[in-house]
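Colleague: With these hints in hand, go ahead and build the complete structure from the sequences.
There are 2 protein chains.
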Amino acid sequence: MSSPLRLGIAGLGTVGVGTVRIVQRQAATLRARTGRDIVISAVSARSRDKDRGVRLGDYAWEEDPVALASRADVDVFVELIGGEDGPAKAAVEAAIAHGKHVVTANKALLAMHGQALAVAAEAAGVSIRFEAAVAGGIPVIKALTEGLAGNEITRVMGVMNGTCNYMLTRMQNDGLAYDEVFAECEKLGYLEADPTLDVGGIDAGHKLAILAGIAFGTKVDFNALTIEGIERITIEDIEQAADMGYRIKLLGVAQMSGRGLEARMTPCLVPDSSPLGQLEGPTNMVVLEGDSVGQIVLRGAGAGEGPTASAVMGDVCDLARGLHIPVFGIPAAELKDTVKSNRETPSAYYIRMELTDKPGALARIASVMGEAGISIDRMRQYAHSSDNAPVLIVTHKTAKDALDAAIRSMPETGVLASEPVAMRIESI
Amino acid sequence: MSSPLRLGIAGLGTVGVGTVRIVQRQAATLRARTGRDIVISAVSARSRDKDRGVRLGDYAWEEDPVALASRADVDVFVELIGGEDGPAKAAVEAAIAHGKHVVTANKALLAMHGQALAVAAEAAGVSIRFEAAVAGGIPVIKALTEGLAGNEITRVMGVMNGTCNYMLTRMQNDGLAYDEVFAECEKLGYLEADPTLDVGGIDAGHKLAILAGIAFGTKVDFNALTIEGIERITIEDIEQAADMGYRIKLLGVAQMSGRGLEARMTPCLVPDSSPLGQLEGPTNMVVLEGDSVGQIVLRGAGAGEGPTASAVMGDVCDLARGLHIPVFGIPAAELKDTVKSNRETPSAYYIRMELTDKPGALARIASVMGEAGISIDRMRQYAHSSDNAPVLIVTHKTAKDALDAAIRSMPETGVLASEPVAMRIESI
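Top to bottom, those sequences are chains A and B. For the first sequence, position 154 (counting from the first letter as 1) is numbered 619 according to this note's numbering, and the numbering increases by one without interruption. For the second sequence, position 329 (counting from the first letter as 1) is numbered 794 according to this note's numbering, and the numbering increases by one without interruption.
Just so you know, not all the hints are guaranteed correct.
As the list claims (entries may be wrong) - These stretches of chain A come out as covered by chain B in the derived footprint (C-beta under 8 Å, 3 or more residues): (1) 603-612; (2) 654-664; (3) 694-700; (4) 749-762; (5) 792-799.
Hint data in this document are derived by calculation from the structure and do not stem from the laboratory. Note that the structure is predicted; figures quoted are calculated from it, not measured. All C-beta atoms, glycine included, are put in the ideal place defined by N, C-alpha and C.
Modeller: See below:
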């Protein structure tokens, strides 16, 4: 039996408490699986007095996470504070400087500072592990860096913000407007303090940036992403997409071509019969595509005490067993700069607009599309009581440039009664 | 850069050739990810002359896989011969005896001799890795032994024989009889030489035995499984189950209770809207449930050159990176004997039968059910042209004993025109 692995846990919110609970409840199982005792030396959080419903009396208490990360009796610093800067970053840097391994659930920290931290960690000979940072309990980082290590990854996709998927599902199933569902989520505490992190696609974008870096061997670069949130999705979009056989998802897609990295976290249409289309509620799903393995789909809870703590402890067990691999799968010094592709892979698109109810209106729009070289798969005009007719178009595969050009020309027809809304139909 | 990791590959069928292709095509990527060159020293197969469409001239050739496994220039013996005994077993034993790590895709070998091989490997200080043995390219062994290492696993389920799922899907979607689809699969080469391995549930049972051992920390014990194939599934079963909102799947379920291990590979009904219900064609799906993580669903190709070779190479990369964990996640000496539960967890059941078209026939069957203490959820009698009326019953949750007793009593009613067929409705 090797010596115990000693944890210092900073941050005792939901995930921190969940991690403490697993260490306590599964002590015998963890020992059997790793050959070592896994123990907690010290913890840290903002308030010492709060009742968290878990025994903490056996552990040293540190006010300052940086002090915790520097303690001689800590082998692994578990960072569950959150936030891309501030105490989380300072404490992780301190841990690395003191030769401690780091386990973190902090996607923002890794998306913004992952490269610098990886360089520092690898120079210090320590690991940073972060399974909990992406898609909660789903072991997707492990699948990508280890299980699929024999593959050239061709595409990564994912629904990775449970709140957004819950909101879209609720709109779809209950015919509610965006604002109603947003208000409900705010009341239920489903949204981050700054809700833009959720509904603006930032949180999910952080996760996609991390996955893209690992998948393609490039430096994690959040700024290379195209991000659009779900704030503009209407119940009409959802209902009309459903009518065409699609679901709207806040979907992350990353792929690499000769032009560079194409990475988007945007609302997309997916076929309603696909695994992504059928994903309801706050569940997460990640799709990994490799040249040998084909398509792998992973589904599970993307947040919450148990699932996220499960991911943290998976990393802790790896460290206890002596697994040390480069932070992002290959040494940080060998990661390439991210070149952002200047063109999106052609795709089918869904376009929604309202037209004035004049003879020939539809024909004028169709001819604008034709002039831009866009071929139309399906076009539907809906019954209407107002003066304006809702119109839906599904195109065949087309270049984004051509689509943008067509949409720019549409006002010239004089028949538009609303600004057209276009969404990509992701082929999956 | 560490020294190269040298492979000896025995068996150059689909998976062996796929593995050679990855080693050749991804040499640079494998080096970046593992920090070492991964090279092939020697190969072995039945026929040396066959054109396999891949360069083999650089590698030493061994007629005998045991000789290959014993070579001084081999660090990892890759066993892709197959079969639970014979050359595969002899060669794996030789590799262990000579201090080589083993990577294998051989589920039968592990299901029947896994415990003895694990004891030998751990005594010799080498690893046996077998991601490719279960669910092809899906990294499920890694998820279970590593990613979810902080969990007490509560249940494992899986559709793990692609041919059976293809057959059931084809029957469902095209209204074909079992025999027609079986003949088609035979012609297309989708079936093992002994088709009972597929349609009898043996192959999928081997995989479930391995998963159950890992999940519950018990010795892999194929004989503790209840196995039933799909040979008796009729198109009527499939259509009537669909009419009730279910799909029929050859589903493996393993769970542990105070009574011991309950492990079945049998045809089951699952809700048509669930991920398992929606799994079509030869794709595999594994569902892992843990006390912290909740439910994780993994989906991907369960067979084929690329996916299986991807799993083999994932294991090879782990060995190259120095990951060595016990064969079944905890040391073989600590694995408990498998105690087979003498009772199945209560469940809803689907029962199909034909009744003679006499007044009161349905009432008599219903009263037999009532006397056995079984409460009926739904009962349906179908329109019929013959003398006999097809009847379907979906029960509420009931003990298997009660169900068996009711079915035993049914002939006494004198209204049965066919033997009742009962299938479990798995709650998922």
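Colleague: Please go over all the hints and tell whether each is borne out by the structure.
Modeller: Each hint, compared with the structure:
1. Given as covered by chain B, the stretch 603-612 of chain A passes the check, having 7 residues with a CB less than 8 Å from a CB of that chain where 3 are the minimum.
2. Requiring three or more residues with a Cβ within less than 8 Å of a Cβ of chain B, the coverage given for the stretch 654-664 of chain A is violated, as only 0 such residues are present.
3. Judged by the Cβ-Cβ criterion of 8 Å, the stretch 694-700 of chain A is not covered by chain B as claimed, because only 0 of its residues qualify and three are needed.
4. A stretch counts as covered by a chain when three or more of its residues have a beta carbon under 8 Å from one of that chain; for the stretch 749-762 of chain A and chain B the count is 8, and the coverage holds.
5. Three residues within the 8 Å Cβ limit are the bar, and the stretch 792-799 of chain A against chain B gives 4, so the coverage statement holds.
Of the numbered hints stated above, those contradicted by the structure are hints 2, 3, listed in ascending order.
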